[in-house]
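Peer 1: For the protein sequence lines, the chains are D and R, in the order given.
Under numbering that gives the first Met the number 0, the first sequence has 70 at position 71, and the numbering climbs by one with no breaks.
Under numbering that gives the first Met the number 0, the second sequence has 223 at position 224, and the numbering climbs by one with no breaks.
Quick caveat, the hints were computed from the structure, so don't treat them as lab data.
Backbone N, C-alpha and C fix where the C-beta goes; we use that ideal spot for every residue, glycine too.
Not one of these hints is a red herring.
Here are some chain R residues pointing at chain D (derived, C-beta under 8 Å): (1) Leu8; (2) Val12; (3) Asp14; (4) Leu15; (5) Leu16; (6) Ala18; (7) Arg25; (8) Leu26; (9) Gly262; (10) Tyr263.
So the derived list for chain R, only partly shown, Cβ under 7 Å to chain D, looks like this: (11) Arg9; (12) Val19; (13) Ile29; (14) Ile30.
Spelled out, the chains give:
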Amino acid sequence: MTEPRDELAAAPDIIGSDNGEEFSAFALSRWPGLVRLAFGLTGDRWTAEDIAQTALARAYVAWRRVSRADDPDAYLRRILVNASNRRFRKRRVTEQLGDLPEVAVEGPADLVGERAALLAALRQLPPRQRAVVVLRYWNDLTDAQIAAALGCSAGTVRSQLSRALATLRANPVFGEGEKP
Amino acid sequence: MTPTEDTELRRRVDDLLGAVQPPDVRLDRIIRRGQGIRLRRAGAAAVGAGVAAIIAVTTLGLHASRSPTTAPSGPVTRGGFIASGTADGHAWKLAVQDIADPGYRCLPAITINGTDADPVYPDPENVSVVTLGPAFRGVGFGFIQLPANSSGITVNGRLHVPAVTAAACGYRYHVTGFAYSLEQAVRVTVDHPPPGWPTDFPISQPLPSGVTPQSDGLWINTYAVHGETASGLLASGYLSGQEWSMQVMLGPGGDCYAFNGNGYQMGSCGPVGMPDGAETIMALPLGFPEADIGATGYAVPVSPGTAHLEAVFSNGSSELATPRVVDGRKYVAFIVPDPLQLARLTWLDAAGRVIASTTALPQYGYVQFQP
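Sequences are here, hints too, so could you generate the full structure?
Peer 2: This is how it looks when you write it as structure tokens:
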């Protein structure tokens with residue numbers, strides 16, 4: 000197991016008081032991690048940017064609470080996941096039928112196919128299972144942290160992850176010897 | 000999961016998401032969105048829950064206070080007219096209309112040829128596009144709500160479309176509408192954008208019609224749209240001891256349905272029709288792993304004259320479902336447990352007379368049906 004790498008948590012800790020300058024610094028430092036996490040949740044570049052903006056806008060509104068939270072990044076993740084779920088419900092049809100975004104297929108040819116295949120496999124998962132996979136394998140969160148982000152129990156996280164991995168294993172894009 | 004599998008999946012996810020290069024953060028836009036949320040919350044708190052119409056007016060007033068975001072006070076078009084033209088040999092017209100059933104609170108929406116409605120709010124920055132399928136193959140339609148001092152837009156640097164002020168349900172909308180070819184990207188340039196507004200809007204392209212019939216008729220709101228018109232419970236019950244429910248959320252994404260069961264959810268959005276227009280039959284399959292059973296949730300917005308919807312299943316049994324009204328619109332919802340399938344839907348009026356019937360039913364996603 001690698002060292003936990005939560006890009007949001009790893010950003011500089013600049014929060015602490017309620018002023019626009021600190022919010023700006025917070026937003027700037029968290030933005031890349033939010034967009035990447037949102038892309039993992041949605042599979043769509045534009046949507047990812049949009050819900051990352053939404054999450055930060057909501058954090059702006061609740062800045063006093065966010066900045067005083069024990070774990071502001073956990074708070075932000077929760078906002079992001081909620082925004083993603085709302086978006087998912089509204090756009091599910093379009094999302095399922097959408098083309099793969101350009102960003103996912105940049106790079107050497109072998110990586111292009113691999114990224115596209117993983118993206119397609121993630122898209123087959125229900126939103127909550129997809130979120131569990133991304134939060135576990137991208138943000139390296141524990142069951143409890145994922146449960147906090149999703150607003151469910153740790154037991155539900157484990158069962159969702161189990162189902163998600165079973166689905167991914169059955170996906171032909173994960174060839175022999177490379178099954179997750 | 001073995002350690003090798005775990006490592007491999009981690010590597011793949013890391014590679015996929017690590018390849019994403021986020022654009023520069025738009026702090027101005029984030030803060031403006033946040034301020035908008037604050038204003039709307041202030042409006043809702045001032046008026047109190049349960050008086051939706053008054054809340055809307057108050058919110059409009061708050062929007063007005065951060066001008067220039069209101070419609071101008073000049074003349075309004077007749078019948079909510081926004082724009083019209085001819086595309087693919089067929090006439091089209093955009094208008095803002097009331098889409099609530101008769102007798103209910105007015106519910107404004109922008110429609111294309113009187114169908115396929117997109118609920119609207121007094122909310123500049125709302126940009127939305129739609130494709131209608133075979134009737135307009137290769138053609139997309141869009142509208143944008145503009146700030147009060149804007150005289151119009153230019154589409155792809157060539158077509159200038161003037162803004163009009165259209166009215167419905169007591170609101171005025173400073174808006175412009177246009178048709179465009181799906182073969183090219185769309186960029187809308189706004190005349191005289193106020194400070195804080197982008198000068199142009201690149202628009203996410205709806206997928207080509209015909210290839211993706213599931214997206215036809217579903218408006219895609221490409222920028223921030225504030226407000227969700229309504230949501231409500233359509234049906235609920237138990238299946239093999241597992242609790243389920245179906246909800247509808249009518250908002251900028253259309254009629255969005257959620258089928259929930261024991262912590263799982265399947266959701267999807269479908270086109271919004273006029274009260275007597277085409278009806279969207281939505282099917283949402285969902286598994287209940289704990290009970291080792293699956294079911295498909297069906298939701299149908301029905302016409303005002305519909306008193307019941309009879310669902311006939313593949314084994315010959317049937318169920319009579321009663322509509323529920325959410326924000327002035329009637330919906331019917333029910334579930335079909337596996338392995339049964341829905342074989343026929345029949346619309347009945349209050350006297351039990353058949354209004355319409357169909358066997359063209361989806362197993363997943365939606366179809367549109369004109370009773």
